[in-house]
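If you read the protein sequences in the order shown, they are chains C and F.
Going by numbering that gives the first Met the number 0, the first residue of the first sequence is number 0, and it counts up by one from there.
Going by numbering that gives the first Met the number 0, the first residue of the second sequence is number 0, and it counts up by one from there.
Incorrect hints may have been included.
Rough simulated footprint, nothing fancy, chain F against chain C, three-plus residues with beta-carbon under 8 angstroms [stated by the list, open to error]:
1) 29–43
2) 57–70
3) 508–520
Far from chain F by the CB rule (all over 12 angstroms, computed), these chain C residues [to be verified]:
4) I7
5) K74
6) E369
7) H411
8) L531
Hints are computed from structural coordinates only; laboratory data are not their basis.
From a predicted model like this one, the values you see are computed outputs, not experimental measurements.
Glycine included, each C-beta is placed from N, C-alpha and C at the ideal position.
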Amino acid sequence: MKDRPLTIQSDRTMLLDVHSPDAAECRSDIIAFADLVKSPEHVHTYALSQLSLWNAVSSGISGEEIIRRLEKWSKYGIDERVLFFIDDQCSRYGDFIMTDYDDARILLTVRRPVFALQLKAEKSLEKYLEPTDDGSFLIDRLNRGTVKALMIKLGFPVDDRIPLSGGKDLQIKLRPTFSPRPYQVDALDAFLGDGKPGSGFGTVVLPCGAGKTILGIMAAAKLGKRTLILCPNVTAVHQWIRELLSRTYLTEEEVGEYSGEKKEIKPVTVCTYQIVTWRPNKEGPYPRFSLFKEGGWGFIIYDEVHMLPAPVFRVTAELQAIHRLGLTATLIREDGREDEVFSLVGPKRYDTPWSELASSGYIATAYCHEIRLQFSEEDEIRYALAAKGGKYRIAAENPRKIEAAKRIIEKHQDDSILIIGQYLTQLELFREEFGYPIITGSTPNKKREELYDAFRKKEIHVLIVSKVANSAIDLPDASVAIQISGTFGSRQEEAQRLGRILRPKDHDSHFYTLITEYTEEETFAQNRQKFLSEQGYSYTIEKGYV
Amino acid sequence: MESLFLYRDQGNRRKQFIRTYSDAIAGAASDDDGILLSSIALSDDYHLDDEEEASLADRGLIERKKDGTLKITETGMKAVSVYPLMGKKSSRKPYLLSFFPMLLSILSSGDVPSHHALYSRYLSLDLITGCFPSIDKENTAFAAVRSAEAMDELGMLRHDGGKLSMDRNTALSFFSLPLHDKLAYMMHPEADGDMHRKIAHAIYIIEWLSDYPEDEIGTLLHRISRITGVDLSNDMEMLFRFSVLYAEGGRISAFDADQRRADTAVISSDFTITSDGSLKAPVFQFAQPLKADISEQWAITRTSAKAAFSMGMSDKDIMKEIKKISSETVPDMVSGRISSWYGSFSSLRCMRALVISADDKNARVMDALPTLQIHIVSKLSDNVFIMNPSTEEEWRKILKTAGFDMLGRTEGWELKEKESPMELKASSFDCIAMERSIPFGAENRMDMLQNADSALRRALIESGFILSPDTENPPVSMILGLYYQEKARLIASAATRNAKVYAEFTDGRTIIGRASKAEDPGHVIIDGEDVDIAKIWKTAELPLSVKSIRTEGVPSDSDSL
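Turn these sequences into a full structure, and let the hints steer you where they fit.
Here it is as structure tokens:
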């Protein structure tokens with residue numbers, strides 16, 4: 000018993016000893032009903048939640064089966080409260096069932112009359128529910144997602160038995176030029192499920208560089224529906240189009256770009272979040288939301304779903320009849336709306352530790368370095384005298400970072416290097432000092448594409464980029480990133496920036512973050528590093544660069 | 000086999016008999032005898048009444064030494080055990096050994112306000128109680144606040160600039176105490192040395208409580224008070240609140256403190272320390288609690304490192320401790336980060352008499368801070384500043400705003416101002432086995448009782464004098480009721496000495512019990528019953544060690560048994 004790899008705690012977190020010979024088998028058993036919380040080197044943490052259990056039940060795993068699997072792997076006896084929670088939550092699934100009613104409405108039936116009373120008592124649901132004589136409720140089809148999301152928040156999981164039927168068919172055939180990786184196949188299977196109601200929508204979490212775009216294309220090919228793909232920026236739009244054309248037999252006539260530059264609606268259309276959430280004035284409607292309804296889409300992909308803008312939540316709620324896939328590397332949202340993402344786009348269907356993919360060679364092995372720099376005497380005083388709000392920027396823009404970056408670049412003569420920063424004045428200083436090209440928010444898309452292309456072709460050895468390159472930019476050969484400043488303590492940004500150099504290659508990657516020691520920047524850096532530390536990345540702390 | 004009863008007064012023969020039949024004698028000692036023997040074994044000076052002492056002594060289970068002390072014999076020790084004294088041995092819920100180490104970490108962190116109302120609120124926050132998901136939040140908060148109050152009363156806590164802190168040696172010395180001593184100090188900080196020991200002893204015993212009927216707990220507490228000399232009746236609620244005891248289905252048990260202890264832990268690059276069970280090592284010095292459950296989780300943070308530095312640890316000390324417990328390679332990042340924190344901490348130190356010693360860089364900054372200048376009384380050198388002690392809180396704030404958030408507490412100041420903390424000592428007690436080496440032969444006794452042909456035999460079996468079915472009844476001189484005067488004299492004499500008598504009545508009833516005088520001279524009180532001497536058919540004086548019984552039945556035919 001002692002050798003079993005799982006320790007189940009009374010707060011429903013579970014610790015998996017990854018050094019156990021049974022760890023892999025155990026993980027594949029529990030991942031269907033537990034969320035991966037963190038995965039540092041030795042012990043991975045999983046958690047059972049209402050949502051994770053309901054998702055498991057909706058995909059056909061019973062409470063008894065969950066308990067059986069836990070008992071199989073648990074090192075010690077399982078706390079009765081945990082067993083009760085599993086049993087209780089799993090038995091709740093099915094108390095509320097959504098089925099088709101007519102073209103405009105759907106029917107919500109409840110297992111026991113008391114549940115109907117509970118629903119009636121909820122103010123937040125009142126306006127969406129039209130009670131029927133037999134104790135059920137009718138709901139406007141457009142409010143299907145909203146009601147589901149609200150009910151999940153109230154602890155009432157809905158068994159949505161309305162099949163996903165929307166969208167026009169489209170044959171998408173994959174070219175035989177690539178082989179899907181095992182984890183991509185697993186993720187696709189987890190996403191598609193058994194094809195019954197309750198499957199075919201959800202979020203997949205994979206590290207940067209692990210091939211999320213490929214996964215999206217595989218899913219589109221499998222579903223064979225007209226597809227809308229939403230991305231965070233135009234560069235990403237172009238990357239998706241490039242990949243679609245090279246990985247499938249789709250032609251340019253079938254793949255369209257809907258952006259600030261082009262407004263094409265084709266069977267597969269790729270657009271930015273920005274373009275769909277544009278509106279002429281702050282209070283007015285979003286005219287381009289019609290795009291969601293008018294394309295005959297049967298499948299929507301939300302790339303970098305953690306960046307899904309708040310207004311899109313509203314329209315997403317209406318898209319419950321369509322297959323939808325969220326892709327992300329990090330589940331962290333600074334606005335704390337992760338729950339909404341998962342209830343509207345869909346639950347997390349697949350997640351895998353970064354370290355696993357790195358050790359299998361599917362993403363590059365990356366070494367993280369925290370380079371600690373001192374202030375000059377003058378800056379020390381400036382920092383000490385500065386108001387609280389101004390200190391961080393003084394530390395972040397420490398001019399000694401230029402010298403440190405120079406030494407790093409000298410050390411990596413043969414590598415493709417990104418210098419990533421937050422402040423434009425600082426980035427400009429670096430450009431002036433080194434003469435390397437720079438990409439910021441004001442760089443025209445065409446120019447950006449040219450520079451990214453030159454970087455990919457190794458015509459440019461070092462590229463200076465602002466936060467526009469934080470995510471969704473595919474630069475396969477980048478192997479060194481020098482982070483000179485960042486958005487305070489953003490863990491998500493740190494992970495995304497590391498992600499720029501994680502494409503697998505024949506040599507290791509290095510992620511340098513330059514910090515002014517004994518300043519606020521040090522504290523923020525520690526917070527930034529938290530997510531990656533939890534993924535098993537270790538930063539070496541180095542001094543003496545300047 | 001002859002009856003042990005025959006040998007109760009016979010020197011060497013008795014010794015020989017006891018030696019020969021030691022296991023049988025121990026096996027005939029009932030659970031009640033075992034409870035009594037266990038109570039004696041656990042006590043320094045357990046007081047027995049004359050009947051209890053006679054009962055055990057006559058069977059060679061105890062002996063009184065020349066110096067007057069009671070000693071359990073080798074035979075008696077075979078019937079000594081924790082159970083059934085403390086209930087029925089069964090599986091108990093695990094005690095959360097991590098509670099006190101984690102509390103020490105919290106109270107040493109420098110984050111806890113020193114004002115009672117404020118720290119009471121702080122220690123009741125989810126932030127604290129959430130570390131112990133398996134314990135009721137209210138109980139956790141109660142135990143944490145009560146412990147902080149007790150530690151304050153014991154002088155373990157320091158009040159530094161509005162925050163609580165703790166001296167490292169004090170914290171370590173509390174950490175190393177056994178659980179019962181920790182609890183005794185927390186429940187009764189006012190108790191002096193001997194009283195503390197008694198309370199700790201009582202808690203030590205009650206920690207074994209297992210599946211004990213709730214409605215009989217008063218009797219047990221009385222027994223424990225006889226063993227230890229301290230009555231825990233008024234502390235029961237606190238024992239529940241400190242999660243020493245729990246009740247389930249009308250029975251009370253103590254959480255099992257004899258749980259998995261971990262020698263090693265895994266230290267990850269996210270600065271967490273995870274162990275399978277409660278860590279034996281004092282990681283509370285440099286880590287802050289995350290969670291205590293089946294496993295124990297800590298995190299090394301900037302704040303926890305600062306607390307460790309403030310307690311006098313260096314980065315190297317911390318790394319040494321970490322390496323000692325780590326079962327896997329410690330990520331470089333951990334040592335690198337701790338060293339950098341130490342560098343930051345060491346760059347500015349505040350010593351007794353409020354002298355600030357700064358490195359060159361910080362000295363320059365201090366010189367340049369305009370708001371700080373009014374708090375600098377004078378400069379001893381370029382790097383050493385004498386600060387105004389009465390404005391310490393103000394200039395600490397100024398320094399913090401300027402970026403010196405790792406400034407530790409004032410070194411040495413508090414020690415001069417306050418009395419030394421109370422010396423914390425571990426109490427030691429005798430251990431006894433969980434279960435008897437020779438279990439009580441209840442079935443054997445039951446068989447013998449079923450075949451017992453007289454009340455006296457029955458009493459002797461129940462008293463543990465008759466050890467096997469083939470033992471013949473021992474001879475006892477009986478006076479027949481026909482000899483009234485002789486009978487009355489025997490009874491009167493016994494009543495005067497409160498001795499034990501055998502009284503068999505004409506209707507076949509039998510009472511064996513202690514005799515005492517009745518108001519009517521023709522009557523006697525036996526075992527609490529007013530008896531007409533004329534109606535006694537047979538009588539004899541019996542040793543106190545023979546069990547008091549009453550039977551209904553046919554009078555015996557023989558004059559002697």
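Hints and how they fare:
no., hint, result
1, 29–43, "holds (count 5)"
2, 57–70, "violated (count 0)"
3, 508–520, "holds (count 4)"
4, I7, "violated, 7 angstroms"
5, K74, "violated, 8 angstroms"
6, E369, "violated, 8 angstroms"
7, H411, "holds, 20 angstroms"
8, L531, "violated, 9 angstroms"
Of the numbered hints listed earlier, those contradicted by the structure are 2, 4, 5, 6 and 8.
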